[in-house]
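Visitor: Sequence lines, in order, name chains W and B.
Following the working numbering, the numbering of the first sequence begins with 1 at its first residue and continues without gaps.
Following the working numbering, the numbering of the second sequence begins with 1001 at its first residue and continues without gaps.
Quick caveat, the hints were computed from the structure, so don't treat them as lab data.
For glycine and all other residues, C-beta sits at the position ideal for the given N, C-alpha and C.
Treat the hints with care, as some may be off.
[Stated by the list, open to error] Lysine-lysine pairs mimicking DSS-like chemistry, simulated, CA-CA at most 25 angstroms apart:
id : chain 1 : residue 1 : chain 2 : residue 2
1  : B       : 1042      : B       : 1087
2  : W       : 87        : B       : 1042
3  : W       : 42        : W       : 87
4  : W       : 87        : B       : 1087
5  : B       : 1042      : W       : 42
[Unchecked claim] Chain W regions said to be covered by chain B (calculated; three or more residues, Cβ under 8 angstroms):
id : segment
6  : 20-26
7  : 33-41
8  : 44-52
9  : 59-73
10 : 79-86
[Claimed, not checked] With the Cβ distance kept under 7 angstroms, some of the chain B side facing chain W (calculated, not the full set):
id : residue
11 : 1026
12 : 1065
13 : 1082
14 : 1083
15 : 1084
Number of protein chains: 2
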Amino acid sequence: MAVEENRPVAADPSVLEELQGIRRSIDNIDAALVHLLAERFKFTQQVGRLKAVYGLPPADPQREVEQIQRLRALAEDSHLDPAFAEKFLTFVIAEVIHHHERLAGEVVDEPQETWPDGASDVTAAAPDASPPDIS
Amino acid sequence: MAVEENRPVAADPSVLEELQGIRRSIDNIDAALVHLLAERFKFTQQVGRLKAVYGLPPADPQREVEQIQRLRALAEDSHLDPAFAEKFLTFVIAEVIHHHERLAGEVVDEPQETWPDGASDVTAAAPDASPPDIS
């Protein structure tokens, strides 16, 4: 069917219905993504607390390398751009660091409890997430 | 338990075991996130094709506003920072635009098929995702 200059021909209800259906799927996926991200941050906070209590180092470069390799492979399998998967991890880790910075700011009287990080449980993008940098 | 200067006390196998368990959960969530993102991009590509074929406008500001409001509400319900949920949408839309730019570059002989966008099905962060900007 010829299309003239992207001029709307939205009068066809079946087309709009199809569009609505796809959008509902996108909305469902977005809801799932938000809830999974919420759960992920709960786990990284657990890691942060564990590392604080037992004095484990905040970063684990080997773990980070493995995470990136694994995510890139999963992305390829699902036909997602591996570079995007890695960027996504970097994006999430930035929020993890932000969380821990806020946490550190809230409980300055109890530095042990505010120890990071869980950052290394996300990606290698946080090599500077050592305690002195949390402010 | 007192902790001395975050010095590793990783000799305790039960602690490392607990850490490993949490990390496995994080890995499972990351795999789910990657697969959901892959599926989401398939849907936004469907939207892009549909809009191209039927000459629907690439952007839908009202839809975008609703998406942001909905995602922020879902984030609050799941104790995720609403501002992060909105940033996440912005991050994803940037990739959607990137996808369509590549698509446009691959099929320059068939401009109708390369019409964006599905961008408006993600967030309001892509007001400039009009066809002339795709290059």
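Visitor: Against the earlier hints, flag every one the structure doesn't satisfy and list their numbers going up.
Guide: 5, 12, 13, 14
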